[in-house]
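**Q** Read off the chains here:
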Amino acid sequence: MITLRDSMVLAVTKLRTRKVRTIITILLASMLFGLLITASMVTTGVFDSIDNIRKDGLTSQYIVTVSKARNDPLAVQKLLRDPVLVDEAKQRYTALVKKKTSEAERLGISYTQASDLPPYMQTSDDASTIRLNINDPNGIVYNLLAQKYGGQPAFNDAQLHSIADRYHATAFFYSQSYSVKQGSSLAVLPKDGEKFYNQTDSMSNISSQDSIIKSQFTISPSNITDYFMLPNDAGWQPSSGALPIILPKDTVEQLLGLPQLADMATTTEKLNYLNVLRDKAETLTFSACYRNSASLNSIQQTLQQQKEIAAHANDATYKKPPVIYGLPDPFACQSPFIKTDTRTITEKQADENQKQFDQEFGKNTTPISYFVKFKVVGLSPSTQEVKQSRSLNDVIDNLLATTGIEQAIPKNLYDQIPDKSRYNDILTYTPLYLFGSEDNKQRYVEFATASDASRFIDQQSCVTQYDNSCKPTGRLYQASLAFSNSVALDDIRSKATSIFQYSVVGAVVLAVIIMWITIGRTIVDGRRETAVFRAIGFKRGDVALVYVLYTISLSLLIAAVALLLGSVGSVIVNHIYAHELTTQARYGFGGLGTAKQITLIGMNSWQIGMVLFVCVTAGFLSMLPPLFRNVRRNPIRDMREG
Amino acid sequence: MDRSRNTKPIRTQEASSIEGEDILSVQNISKTYKLSGNKVTALNGVSLQIKRGEFVAIIGPSGSGKSTLLQLMGGLDKPTSGTIVVDGTRLESLSDRRLSRFRNQTVGFVFQFFYLQPFLNLSRNIEVAAMPSRMKKGERKKRIAQLAQRVGLADRLTHYPRELSGGQLQRAAIARALINNPHIIIADEPTGNLDSQNTQEVVDLFRQACRELNTTVVIATHDPMVASKADRTVILKDGALA
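Residue numbers (this note's numbering), protein chains in the order written: chain P, -3 to 638; chain V, 564 to 805.
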């Protein structure tokens, strides 16, 4: 057997034969494997960077929102048609009308039963059937349901914990939903107050002015809100008298009066804009005007009165109302004031009696309006941020974006407020008692992995059908992924890995073909040389060793060039795309002010090792058949033919 | 020249090497090939004895079986029938591995077309034949230098084959054949591609090997001048001794 050193000397000479063919092979094969290495490095870099950035946001968490499944779509219908409840409502209504009639007589004011809607009504599908009216203004239905179901919890938290623990749940938390008191409004007063009143002539328009901020609030735990907070809670102090709030970016834009960015703005423009927005948001404090239903009613009546008087300005026979109201300063958050009052003492007494009657039977007659101060402490993604995609950037934005946060009050900050009673009018919750004693909690379960979260949803949750039933039947929960596409991102990573593996297989086939041509031809071309070697005493194993070393050398050369090309490729790709993708990712993740970068250079030792291994394996696969044939041939014939 | 060997020669039990006695014995060998389905007889009942240190020329027309006879003597091929004993070794009884060892250590081959490696310099080309014998590096260098001196190529050791003439290439091939100090040199038309001057030089080298190293040389040739320099001439015609 010849020595390894001697074999290597001869193997290296083989690399020097057929230089053009060898160089072409090295280039082609190394470009192929280099492409795979670039793909590996780039995808690894992207996913590692995204993982790194995801740690700063909800996209790294597998959070599932859970609510109770409604298996019987007719449950509410059956409840409202319960004859016992309907009979009880009728009796209570009769008693109330009797009491109101008696009190109206005592106070000397007019009252008819027709002005009071009954707590029941005919059903739309069957005129002979009576059902309870859930919108009963006298609260008879509400009280009835509260008495009957108020003691039954609507959700069994212990059971959820027990079931979710089977799927390795790591945390349970909830946010609580509140809204401004029914019939009231909370509105950021417009800068152009005059225009506001000029354009407002109905209750609905006044109420719609609260659209800058929503009249629903969520008090959310730090598990959710932490990722959206501005630095140092934007300087908010518990004693500042301001309610801390996280607002969507577009709401903050409106409050700041910033123009919206064009849809097709570049990602850099978007991120720069976002940074400006964040800077300005840190100092943003604003007030919203709360008005109760009486205040809203009086504004509406005043507007109608002004309209009526204006319509009769030239009518000499028109008699103006005895009390004429004036609209308040649009920036003052006050209720209308009395401009002139020509009522007689009797008329005034009648009005007072009516007021007493209304208050006695629960109608709010005292206009209340005041400013509620807010301090922006965080930014959440825009409400319209997830939209139909017009470009790949939009798709990426949508994929990376966090959704479902919107307008939230961080619970950890809210708990520090010394006097929470000042928010009693805007943070209200009224259960309907249709499904027991419902609470205002939105429950969340966090899982350790995407797989656990998906399994929980697949095995424990049902899906609402067109008939409002939830199928598969018997499931306890309706559950879905919350806030982010974390599971999808994981799935994309998994799919990318699979695609990479399939690509490797494809590359192996191509590489084997290319290397087969070169190595195979080199071995076939070397038949005479093999024959001479055999003639001067080389054993078959000696010849094989030379070719094995030649193949290893060629493969390692290809692998080295591939590694070089792959690295250069990923550096080039990184240079071209990293900045744009970093901007894209920062924007997509909500511009959390992270200094982290997306880099398209990442080392997945396993993948790159696999590519290099495949490279050498491809060489061996190419070598074996012709070598096997060569060493078995008759050297005399090969010398003669060579 | 040093006749010592770095490895043991292959010998059979029944024969031993004795000065003046036959080193090569061919007994009634035949060789038939199948060519395009037809049976072709290349050798038919050839018997021949060659003594140690003898210079034997095999002559005969093309197709008479000269090359086939040399290949069988050198262990490159096996006869269809008959026996070949070289330096006491019955070739037909050797395994492929032992036959390789035999070719490396007992026989030195010289071919008409030299068959040097184009990407190895002369020194390496000579060294190639020493590789299977695992001759030590220092000894290799020494022997290469000696052989290069002997064949007149001492100043050409770093040259590549493309830089040498035909005569120089064949002399290099002879040096390669001699590096393991073989008992027999088998040369198949070694002067077929050479001019008369180079032919003379090559023949002189063979004679020198016979004389100084007691090496047996068996050469197939068409050249009467080469044959005339041999101790003995064997004529082959139609696969049989004439």
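Bear in mind the hints are in silico, worked out from the structure with no lab data behind them. Don't take each hint at face value.
[Stated by the list, open to error] To give an idea of the chain V side of the interface with chain P (calculated C-beta under 10 Å), a few residues:
#1 631
#2 657
#3 666
#4 668
#5 691
#6 700
#7 701
#8 702
#9 704
#10 708
#11 739
#12 743
#13 744
[Unchecked claim] To give an idea of the chain V side of the interface with chain P (calculated C-beta under 8 Å), a few residues:
#14 660
#15 697
#16 718
Note that the coordinates shown come from a computational prediction; the quantities given were computed from them, not determined experimentally. Ideal Cβ placement from N, Cα and C applies to all residues, glycine included.
**Q** Indicate, hint by hint, whether the structure satisfies it.
**A** Verification of the supplied hints:
1. 631: holds (9 Å)
2. 657: Residue 657 of chain V check fails; min Cβ-Cβ to chain P is 12 Å, beyond 10 Å.
3. 666: holds (5 Å)
4. 668: Because about 7 Å separates residue 668 of chain V from the closest Cβ in chain P, which is inside the 10 Å limit, the hint holds.
5. 691: This interface hint holds because 7 Å falls under the 10 Å limit.
6. 700: holds (9 Å)
7. 701: Cβ of residue 701 of chain V sits 14 Å from chain P, so the hint is violated.
8. 702: violated (14 Å)
9. 704: Because about 14 Å separates residue 704 of chain V from the closest Cβ in chain P, which is outside the 10 Å limit, the hint is violated.
10. 708: With Cβ-Cβ at 18 Å, over 10 Å, it is violated.
11. 739: holds (7 Å)
12. 743: Since chain P brings a Cβ to about 8 Å from residue 743 of chain V, closer than 10 Å, the hint holds.
13. 744: Since the shortest Cβ distance to chain P is 13 Å, the answer is violated.
14. 660: holds (6 Å)
15. 697: Where the cut-off is 8 Å and the nearest Cβ of chain P is about 7 Å from residue 697 of chain V, the hint holds.
16. 718: violated (22 Å)
This entry does not satisfy hints 2, 7, 8, 9, 10, 13, 16, going by the numbered hints stated previously.
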